[in-house]
Structure formats: structure tokens, C-alpha cells
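Asker: Okay, here's what each chain looks like letter by letter:
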Amino acid sequence: MSIKNISRRGLLRTGAVTAGGLALPTIFTSSASAYTNEPTGSSVKLGFNVPQTGPYAEEGLDELRAFELAVEHLNGEGDGGMLSTFSSKELQGNGILGKKVEFVTGDTQTKSDVARTSAQSMIQKDGVVMVSGGSSSGVAVAVQGLCQEAGVIFMAALTHSNDTTGKDKKANGFRYFFNAYMSGAALAPVLSNAYGNERRAYHLTADYTWGWTQEESIKASTEALGWETVETVRTPVGAGDFSSYIAPVLNSGADVLILNHYGGDMVNSLTQAVQFGLRDKQVNGKNFEIIVPLYSELMAEGAGSNIQGVYGSMNWNWQLQDPGTQAFVQSFGKKYGRPPSGSAHTSYVQTLLYADAVTRAGTFNPCGVVEALEDFEFDGLGIGNTYYRGADHQCFKDVLVMKGADNPTNQYDTLEIVEVTPRSQVEYEPDHPMFAGGELGECNPGA
Amino acid sequence: MLGLNAKDSRFMLIVVALTLLTPFILNPFPADSALAQFNAGYPALMQRFAIYGLMAIGFNILFGLTGYLSFGHAAFLGVGSYASVWMFKLLSMNVIPALIAATLVSGVFALAIGYVSLRRSGIYFSILTLAFAEMCYRLAYSVLTPITNGETGLQITLSDPRILDGAPTSSSLPTPGFFGLKMNAAHTIDIAGWSFTFSVGYYFCAVIALIGFYLSLRIFRSPFGMMLRAVKSNQQRMNYTGLNSRPYTLAAFVISGMYAGLAGGLLAAMDPLAGAERMQWTASGEVVLMTIVGGVGTLMGPVLGAGFIKYCENIFSKINESVLHSWFSFLPDGVEDVVTWIFARFVGEGWHLTLGVMFMLIVTFLPGGLVEGGKRLAARRKKKSDADAAKHPAE
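So the protein lines, in turn, are chains A and B. Using the UniProt record's numbering, the first residue of the first sequence is number 1, and each one after it goes up by one. Using the UniProt record's numbering, the first residue of the second sequence is number 1, and each one after it goes up by one.
There's no promise every hint is true.
Claimed, not checked - Simulated restraints, written as ranges between beta carbons of each label pair:
no.	chain 1	residue 1	chain 2	residue 2	range
1	A	A194	B	V339	17 to 27 Å
2	A	K100	B	M358	31 to 41 Å
3	B	W327	A	S84	45 to 55 Å
4	B	G285	A	N251	33 to 43 Å
5	B	L144	A	A194	37 to 47 Å
6	A	Q92	B	W341	33 to 43 Å
7	B	W341	A	K100	20 to 30 Å
8	B	W327	A	A224	53 to 63 Å
9	A	K100	B	I123	51 to 61 Å
10	A	E77	B	L18	57 to 67 Å
11	B	E321	A	G93	18 to 28 Å
Bear in mind the hints are in silico, worked out from the structure with no lab data behind them. Quick reminder that beta carbons are idealized off the backbone N, C-alpha and C, glycines included.
Can you make the complete structure from the sequences, with help from the hints?
Answerer: Spelled out as C-alpha cells, the structure:
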């Protein structure tokens with residue numbers, strides 16, 4: 001013993017400090033609710049985190065329109081949209097589980113950092129139970145990780161990278177949108193018919209997770225046809241000017257240019273490629289062609305006549321004739337005076353699917369919702385029968401192959417459906433090499 | 001106290017009290033009221049107040065004292081973030097090695113960049129630092145993708161080695177902690193409608209920011225600080241007296257770079273993700289704005305400026321058109337749409353416009369920043385009470 005003189009006061013003081021120190025961590029762990037942000041009042045809040053600025057802003061704004069519409073329909077306002085065509089009849093238009101639906105919005109600026117900050121504020125300040133949104137897979141992956149840690153559900157809207165439900169998949173995250181692998185699988189047969197099996201492809205790729213996986217997927221499926229990949233070049237997101245990337249294509253010996261770009265970037269790169277006269281060229285005795293694997297109406301609108309005859313794929317298009325699509329297009333058109341884009345459709349459907357899953361589970365608890373959504377099979381939300389696979393939280397359904405319309409009749413009628421690729425053709429195993437490496441983990445209710 | 005004179009001790013104590021009571025101060029409105037929109041007392045934002053406050057304190061040591069305007073401090077923030085996320089991946093989820101690595105690595109970067117840039121002064125120095133920061137950003141964004149994971153951002157994964165932590169026990173991602181105290185742990189107290197959140201992460205950042213503030217206070221009062229001020233007032237004259245000022249400016253540059261790196265490390269400790277956008281020139285400009293809005297060369301100014309800008313960013317950007325509609329619903333229909341349309345330009349994604357207007361107003365009317373505003377108010381009150389005292393002489 002080295003301490004000899006222990007005074008009464010000293011002992012008391014030390015004891016009190018020690019006790020305080022030991023008790024300190026426990027006040028941080030006590031919790032009143034069973035899961036993060038358990039709604040206790042008469043309303044429930046959802047968070048819609050979309051890019052309102054940056055290269056994907058157009059898509060983000062359209063997503064926001066659809067979210068607003070979905071909330072209206074859930075609360076029983078408006079004409080109810082797809083609630084009447086949805087195969088699950090749980091939603092009555094009285095909110096979710098009788099609670100009125102409210103929402104908050106945030107601007108992700110198409111940056112992972114900002115998106116996470118915005119999602120944090122939604123979860124911590126506004127108390128949302130579900131975050132939806134996206135428009136960039138980098139952002140979606142980052143926000144999905146955050147939601148997993150915080151214990152809320154993430155209903156990914158626009159994210160097309162294989163990684164979202166591949167190596168970065170999370171138990172609390174769900175994706176309705178299709179992915180790069182499916183685009184490749186759906187496009188390959190059409191491309192083979194249109195352009196033959198002896199082509200030389202040049203890729204320009206957005207330099208982040210989505211671009212990387214789309215390049216990988218398209219490369220794999222075109223090379224399976226017998227195409228040769230001349231070169232793959234990565235370009236920064238939001239570059240604005242792509243001329244320095246397009247000029248080398250002219251002398252590369254390639255006869256197909258594949259643009260793994262999206263949003264404003266795709267509009268710019270396609271427009272510049274056309275201005276460089278690529279499409280009027282003859283290479284290797286064939287017409288030079290351009291392919292945009294992932295299409296959207298908003299991009300088509302932005303690119304104008306440059307997309308005529310350009311092939312691409314889509315998750316959904318407003319020209320489909322099923323009752324779900326018609327109901328949605330009608331109520332969207334009535335509110336906003338324009339047809340919805342594919343990103344709007346995904347956002348709307350994800351919100352409805354979440355609300356339905358909560359209703360079927362009878363709780364907002366993320367683990368209940370996860371259980372209700374896993375291996376859920378439904379119909380009536382556009383594009384036919386759909387299956388939410390439990391193994392990776394990816395939806396499986398038909399995929400559309402599109403072509404830029406040769407004679408558009410109005411500014412919205414810019415794309416035409418070439419083929420509806422059946423679901424069986426785009427399915428893959430959960431442990432497919434392009435998706436391997438991740439762990440779904442367990443659902444996290446937080447708190 | 002702690003080598004401070006009585007006045008500074010009092011100042012320091014006030015700062016400590018303000019920092020500890022932040023969860024109360026930032027939540028002045030009841031959680032259910034319409035004004036709850038303006039509450040800022042949630043962990044993520046409070047953490048940012050402390051972190052960017054720390055960064056601005058460090059920036060002020062360079063800009064406020066020597067007058068060298070660096071436009072590249074975001075690079076150190078980013079480097080610090082990457083360094084600490086790599087520590088989380090390789091060593092341990094404990095924040096201590098991460099923060100040490102963040103500070104050291106950014107110090108090395110600052111030494112290299114400062115050594116070159118400080119050969120010039122004035123606008124040339126600013127442009128040089130800007131160029132270096134932009135270089136770092138471009139490197140992190142594309143060339144160094146194996147290290148930084150490019151646009152997607154560097155994140156921790158389950159399969160990381162983390163040699164000090166041993167094998168993962170659960171299938172969910174680990175969270176950064178301070179010897180078992182999780183950074184994302186929080187406790188909420190509800191008092192009669194108000195709801196206050198106390199988070200471990202915030203108090204951890206706050207303690208580090210306070211240490212940073214104390215160090216900066218000591219530097220301000222030290223002979224070294226006096227030398228830095230001399231550089232600002234007349235460097236030429238200093239050189240003519242045979243004194244080489246560069247070691248002093250370089251030291252100030254490295255110190256402020258380390259502050260920024262530490263701030264970056266804290267950002268990663270609160271949320272283990274590092275993105276290249278953190279290094280973009282807009283982020284560098286932000287810290288300059290913070291310092292100027294708050295008051296250049298004052299101790300408290302940069303912290304206030306950081307709080308002001310982060311508040312605008314997080315609160316104004318969350319107000320959307322439907323919120324505005326609910327505010328102005330009492331107006332007649334046509335008028336309401338017009339008013340909403342006008343206000344909508346300044347909130348939501350237009351919050352930058354609000355910030356720009358505020359910045360112009362402050363620079364024009366309060367060149368000394370928010371601190372000068374506070375001083376003027378205090379002076380006016382004093383004058384008034386003096387005048388009152390003169391009117392009614394004591395009996």
C-alpha cells in the first residue's frame with residue numbers, strides 16, 4: 001500500500017466521483033421506445049432526401065413530386081392513384097396505421113457527405129421512421145449505411161448500381177428499381193439483333209459506384225455476344241464538358257460508344273457526341289452507334305432530337321398500358337401537368353410499398369417492416385408481377401428496352417418501348433460474382 | 001487559472017458554460033410548436049457546430065494573426081478524415097488513434113504545402129493554397145481511388161482487419177467509440193414539451209474544441225502570437241530588422257492545418273465516412289466565410305461564424321415550399337402564392353442566397369463580424385445607462 005493517509009473527506013470525494021463516473025454511461029443507454037423514432041402522436045413522418053441541386057437535380061425534383069403525390073394518396077386526398085390497382089388491399093387512404101403521413105425534405109446535392117448530414121437531421125431532429133430518395137448510387141449506398149446504423153428503414157428510390165443490393169446491401173435497405181446487371185441482360189439480345197455480333201465498343205463511364213458496376217455489367221453482356229471492348233474511360237461526375245473525352249473516340253477504331261452517364265451528364269455527353277458527328281460516321285464498314293444503357297424521360301427531354309434511334313433500358317415508362325400505370329399517370333398528370341418519369345414512379349411505388357408493409361406488419365418497427373417486405377410478391381404497381389427477394393432486398397420484374405423515338409409527336413413522347421424483357425431473363429443468383437462480397441446483416445431497430 | 005489572467009479565465013469559463021449548455025440553448029422552442037423548425041439542438045448539428053468551430057479557431061490562428069489568407073484549408077480537413085477512417089479500418093474503432101493520425105498526417109501535409117506556398121504572400125499565397133487544395137481534391141476524387149474510394153467515399157466495412165479490436169462479434173457495422181463509450185449514444189430528456197438531447201459525440205467534440213480554444217487563447221497571448229501579429233502589421237519592416245519571419249508563419253500554418261485535420265478526424269469519428277467533396281474549394285471558402293462573418297482575429301468570432309453558417313445550411317435548407325405554404329396560409333390565395341414564391345428562393349436549395357445576402361450585410365455594416373455587432377450593442381447599452389445615470393444623479 002502506498003497511500004497511507006486516507007481522510008474521511010478524501011474517501012467520500014473519491015467515492016462520489018467514482019460513482020458518478022460509473023453512472024455516467026448508463027444515462028446514455030436508457031431508452032423509452034422500442035425502436036428509433038417510434039411515432040407516438042397522431043402523425044408519422046417520412047423523410048425524402050433527394051438532389052435538388054447538382055447534375056441529378058431534375059430527377060430529384062421529379063422524385064419529390066411523386067413523394068408528395070404518394071403522401072396525398074396515403075392520406076386519402078386526391079384520386080388515390082395506384083392504391084386501387086395495388087394487389088395488396090391493406091391501404092385505406094387513412095394514413096399509415098391510422099396516423100396521418102407528414103414528410104420532410106432534404107437536398108443531397110448529389111454528394112454522399114451532404115446526403116448523410118441531411119438524413120441525420122431528418123432522423124435526429126424530425127424523427128422520421130423511413131428515409132427514401134437517392135438519384136445517385138454513391139449517395140444511396142452512403143445513406144443506406146446510415147439508416148442501418150440509426151435503425152430506420154431506407155427505401156432506395158433511384159439507384160441503379162449493382163452494389164446497392166450487392167456488396168453494400170443492408171438489412172434495413174430495400175430497392176424497387178432495377179440494376180445495372182438487369183440492364184445488361186435485357187439490352188444484349190436487342191443489341192445483337194440491331195447491330196450484329198461483331199462490334200467494337202468504347203465506354204465512357206461516370207466515375208463512381210454506379211458507373212463502375214454498369215460498365216462491368218454491360219461489358220460482360222456485350223462481350224458474351226462477341227463484341228470487343230476497345231477502351232473504358234472514367235469521367236468525373238458533373239464534368240459539364242465531355243469534348244476532351246469524346247475526341248479520342250473518333251480515332252480509337254471503335255464503332256459503338258456506350259455512355260454510362262446519367263442525368264445532366266448524359267445530356268451533355270450525348271449532345272456533344274452527336275455534335276462531333278459520331279453518328280454520321282462509318283467505322284469498320286458499319287454505321288457508328290451510341291448506346292445509353294440507363295435511360296430516363298427527363299434525360300431524353302434534355303437531349304432532344306439527339307437521342308433518336310439510341311437504345312437504352314428503363315425500369316418503367318408512362319406509355320405502358322396496365323391499369324396501375326394508367327392510374328398513376330392520370331393522377332400525376334392532373335396534379336403536375338406532365339407525365340411522370342421513371343424516377344418519379346419508383347419513388348411513388350417505394351412509398352406505397354413501405355406504407356403497405358407497415359400496415360401488414362401492424363407496426364412501424366423496422367424489423368417488422370423488413371419481415372413484411374422480404375419475399376413479398378405483388379402486382380398492380382405498373383410493369384406487372386413483382387417479387388421483393390429476401391436474400392438481397394432487390395425487386396425482380398420485367399425490364400423495358402427503349403429506343404429514342406424517330407418521330408416524336410410531343411416533348412414527352414421521346415422514347416418508344418422496343419421490348420418488354422421478361423423477368424426470368426434478367427434474374428440472377430444472390431451470390432452472382434457481380435453482387436458478391438456483402439452481408440445483409442440483421443435488421444436494426446435502433447434504440 | 002491554467003496560466004490565464006483573471007479576464008481570460010472568466011472568458012474561458014463563459015465559453016465552457018456555453019458549450020456545456022448548448023443542448024438547451026439551441027432548443028429554445030417546444031418540440032411540438034410550429035417554431036420547432038428552428039431548433040438546432042440535435043446531435044448531428046451540434047457536433048458540426050463544435051467541429052467547424054474548432055476548424056475556424058485553427059484557421060483564425062493563421063488568418064487572424066498573420067493575415068495570410070489560405071484558400072486551401074479544406075484539403076487538411078479531408079486528409080484528416082481519410083486518415084482517421086483508415087485508422088478505423090486498420091487499427092481500431094477507438095477514436096484516439098484515429099484523431100492522432102488525422103492530426104499528424106494533416107500536419108505533414110500542411111508542412112509540405114506551407115513550405116512551398118509561404119514563399120509568396122498576399123494573393124499569390126491564396127492562389128497557391130487554392131491550387132494545392134484543388135489538386136488534393138482531384139487526386140482523392142479520381143487518381144487515388146484505391147485509397148479514397150473516389151466519389152463513393154471511403155467507408156468502413158465488416159471485412160476490415162481492425163487488428164486491435166479482434167474479430168467482429170456481430171453482423172452489424174461497428175461504431176466509433178471512446179473506450180467503450182459509443183459516439184452515437186444519446187439520451188433525450190423531455191421537460192414539459194421541450195425535448196433536449198445529450199449525445200456522447202457532441203460532448204466529446206465539445207471537449208476537444210474547448211481544448212483547441214484554450215490552446216488558441218494561449219497562442220494569442222504568447223510572445224509567439226505577438227510575433228504573428230507583427231507579421232500581419234508590417235512584415236517588411238520585420239524582415240529589415242534582420243528577423244526571419246518565415247519559421248513563424250510556417251509554424252502558424254502547420255498549427256492551423258493540424259486544427260483542420262483534427263476537425264476532419266472528428267467528422268469521421270462522428271460518422272465514419274470520408275468523401276472527396278470535403279476537400280472541394282467551396283469547403284475551403286466556407287471556413288473563410290465563417291471566420292469573416294464571426295470576426296477575423298477575435299477569439300470567439302470564428303466559433304460564432306461557424307455556428308451561424310452551419311445553422312443556415314442545416315435549418316434554412318430544410319424549409320421547403322409546403323412548409324412555407326403552411327406558414328402563409330392565413331394570407332389570401334393569390335398573395336400567398338406570391339409571398340411563398342419569393343421566400344422559396346431564399347430557403348430550401350436557395351439557402352446559399354440567404355447566406356450571400358447575410359454575408360454582404362455583415363461585411364458592409366459590421367466589418368468586424370458578429371463580434372463587432374455584439375460589442376456595438378454592449379457599447380450602446382453602456383452609453384444609454386451612462387446617460388441615464390447622468391440624468392438622474394445619485395442622491
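Asker: Each hint: holds or not?
Answerer: Hint check results:
no.	hint	result
1	A:A194 - B:V339: 17 to 27 Å	violated, 54 Å
2	A:K100 - B:M358: 31 to 41 Å	holds, 36 Å
3	B:W327 - A:S84: 45 to 55 Å	violated, 34 Å
4	B:G285 - A:N251: 33 to 43 Å	holds, 40 Å
5	B:L144 - A:A194: 37 to 47 Å	holds, 40 Å
6	A:Q92 - B:W341: 33 to 43 Å	holds, 35 Å
7	B:W341 - A:K100: 20 to 30 Å	holds, 27 Å
8	B:W327 - A:A224: 53 to 63 Å	holds, 57 Å
9	A:K100 - B:I123: 51 to 61 Å	holds, 57 Å
10	A:E77 - B:L18: 57 to 67 Å	violated, 45 Å
11	B:E321 - A:G93: 18 to 28 Å	holds, 24 Å
Checked against the numbered hints above, the structure breaks hints 1, 3, 10 and satisfies the rest.
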